[in-house]
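**Q** Model the full assembly from the supplied sequences, consistent with the hints where possible.
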Amino acid sequence: MNELYWAEAAKAIDWIEPYQRVFDPDIGPFGRWFTGGVLNTAANCLDRHVEAGAGERVALIWDSAMEGRVAQFTYRVLRDRVAKLAGAMAARGVVKGDRVVIYMPMVPEAAIAMLACARLGAVHSVVFGGFAAPELAARIDAAAPKLVIAASCGLEPGRVIAYKPILDAALDLAAHRPEACLIFQREALRAELLAGRDEDFSAAEAAGIAHDPVPVAATDPLYVLYTSGTTGKPKGIVRDNGGHAVALAHSVPLIFDVRPGPGAASEVMWTASDVGWVVGHTYIVYAPLLAGVTSVMYEGKPVGTPDAGAFWRVCAQHKVKTLFTAPTALRAIKQQDPTGALIGAHDLSRLEALFLAGERCDPPTATWIAGLLGKPVIDNWWQTETGWPISARFRGTGLTPFKPGSGGRACPGFDVQALDPQGDLMPAGEVGALAIRLPLPPGCAPTLWNDDAGYRRAYLEAFPGWYRTGDAGAVDAEGDIWVMGRTDDIINVAGHRLSTGAMEEVLAAHPDVAECAVIGRHDDIKGEIPFGLVVLKSGVERDEAVIAAELVALVRERIGPVAAFKTAVIVQRLPKTRSGKILRATMKQMANGMNPVVPPTIEDASVLEAIAGKF
Numbered sequence: 001m002n003e004l005y006w007a008e009a010a011k012a013i014d015w016i017e018p019y020q021r022v023f024d025p026d027i028g029p030f031g032r033w034f035t036g037g038v039l040n041t042a043a044n045c046l047d048r049h050v051e052a053g054a055g056e057r058v059a060l061i062w063d064s065a066m067e068g069r070v071a072q073f074t075y076r077v078l079r080d081r082v083a084k085l086a087g088a089m090a091a092r093g094v095v096k097g098d099r100v101v102i103y104m105p106m107v108p109e110a111a112i113a114m115l116a117c118a119r120l121g122a123v124h125s126v127v128f129g130g131f132a133a134p135e136l137a138a139r140i141d142a143a144a145p146k147l148v149i150a151a152s153c154g155l156e157p158g159r160v161i162a163y164k165p166i167l168d169a170a171l172d173l174a175a176h177r178p179e180a181c182l183i184f185q186r187e188a189l190r191a192e193l194l195a196g197r198d199e200d201f202s203a204a205e206a207a208g209i210a211h212d213p214v215p216v217a218a219t220d221p222l223y224v225l226y227t228s229g230t231t232g233k234p235k236g237i238v239r240d241n242g243g244h245a246v247a248l249a250h251s252v253p254l255i256f257d258v259r260p261g262p263g264a265a266s267e268v269m270w271t272a273s274d275v276g277w278v279v280g281h282t283y284i285v286y287a288p289l290l291a292g293v294t295s296v297m298y299e300g301k302p303v304g305t306p307d308a309g310a311f312w313r314v315c316a317q318h319k320v321k322t323l324f325t326a327p328t329a330l331r332a333i334k335q336q337d338p339t340g341a342l343i344g345a346h347d348l349s350r351l352e353a354l355f356l357a358g359e360r361c362d363p364p365t366a367t368w369i370a371g372l373l374g375k376p377v378i379d380n381w382w383q384t385e386t387g388w389p390i391s392a393r394f395r396g397t398g399l400t401p402f403k404p405g406s407g408g409r410a411c412p413g414f415d416v417q418a419l420d421p422q423g424d425l426m427p428a429g430e431v432g433a434l435a436i437r438l439p440l441p442p443g444c445a446p447t448l449w450n451d452d453a454g455y456r457r458a459y460l461e462a463f464p465g466w467y468r469t470g471d472a473g474a475v476d477a478e479g480d481i482w483v484m485g486r487t488d489d490i491i492n493v494a495g496h497r498l499s500t501g502a503m504e505e506v507l508a509a510h511p512d513v514a515e516c517a518v519i520g521r522h523d524d525i526k527g528e529i530p531f532g533l534v535v536l537k538s539g540v541e542r543d544e545a546v547i548a549a550e551l552v553a554l555v556r557e558r559i560g561p562v563a564a565f566k567t568a569v570i571v572q573r574l575p576k577t578r579s580g581k582i583l584r585a586t587m588k589q590m591a592n593g594m595n596p597v598v599p600p601t602i603e604d605a606s607v608l609e610a611i612a613g614k615f
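When you line the sequence shown up against full-length UniProt numbering, it's residues 1 to 615, in that order.
Hints are computed from structural coordinates only; laboratory data are not their basis. Don't take each hint at face value.
Claimed, not checked - Derived DSS-like pairs (lysine-lysine); straight-line CA-CA distance at most 30 Å:
| # | residue 1 | residue 2 |
| --- | --- | --- |
| 1 | K581 | K614 |
| 2 | K581 | K526 |
| 3 | K319 | K375 |
| 4 | K614 | K319 |
**A** In structure tokens form, the structure reads like this:
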């Protein structure tokens, strides 16, 4: 831990009252950052840039492929809208420390609602738009919000999802009752408002009296974001105000090398995520605005809106400098456009780098897109709990060597090591349980919502003095971190501990494969044996049995007979969460005869049903 480093980084933030200690180890499960300090995150995102003369700089570009339109918001316009909505919320009784649940699609009003909460010192909990009523009800009960802010509907390719009936059903199920609901009406499907509870979002904002930023302690919560974590049971990840603001403002120039220009000029970063996920919280909303740059918010898909060139169109149209997306998006593009023919239709001269996170990017996909774009491809590894990258390559200080499959080197404040089951360090390059030496740096979750004991139990008890990430991987002799999957993705084949991620690398290297997953299946003799599921690239017409035989031979050749890899099954699609993570644990349970609880984050449950007969 280097307190001087973070004290220097903290100079990028406006403090209402200076912090008394950079780090206090005696508070909470592992300590707290910037204790005694007072600030307001929304003011740091908006007001200070306006006051510094950058009010006409574009803060947010909203590009909706679903509506076919683009809107831009300057820092001044965004500040004024946030202040008015904050006033409307305050008029409905929301004060510092109250919770607000936000249930919205990718519209600017979602970011405005988040920032309005931050302006009041209220704690927002964003629930991914379209989540089922029981899951939304569980989060409403957990957060006990004074107010719910929702949209009438969300837009997906070929369909409109009515949000208001889901919200109504959730409130019927929930024990907690919010005092009011603000409903943002979209023209694609307007909702009927319930008298006495529901109000029109836009009318409330328009009538709102601009509210000044409310001072909050650096250690006060900014938001709670629910995640399944490592147990499958949702946990309320807490993000504080002070450490979060310092870490995120620091990360944009350091990792992404995106910077504001003088006056109204700025470089543009685009994070192709959703505000329902931590990546969207961090790099669509808070980090770009804390750093004073321009952020793109995109409502659409990597394919189908209208084709596999959608991402390249957005980059070209908005002069994006860095694109940050998930490997699953690239694999979808690769499946539809394997030769990259649609890339050449767009001017990507302003695009300087492609960033990847969400799950490990297999080396063949990383190498494929790097070759087509001719730009650096930067995989980075992090979690909802950490709030920003644990590892990356640093464009702001010079890139470390490109090693496809590696998540780069540790970001400031993260001491990452691979440990054996006893908690001892593994030799360089050998796979173990990845852990981070305590204390965690600023920006990481200091605890769980109302559950310090649960935080210690989930993350700190397995390896005393370390934070257990739940990921398996290695740290090589040069300090590069290789994440091979979750710790339960390491399978034991006849006494040999093997990484399913390493097998996935081999399968993904086959020229006909778009994406794949390898899971462990029980075997009476060997304990476990690997089972591969493979999606082919669009247009592949070769015999599937021949391809499957080639895949088995490839794993045998590159990993060896010890892997006992004998089964590769061709499927149309792999089941995923809405953030793009492949549901390996769920498929593993199915393959072993169990009846898994299907996670609420699943994108399309019918995909699981389609592959059930393959096991």
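**Q** Among the hints numbered above, which are violated by the structure, and what are their numbers in rising order?
**A** Result: hint 4 breaks, nothing else.
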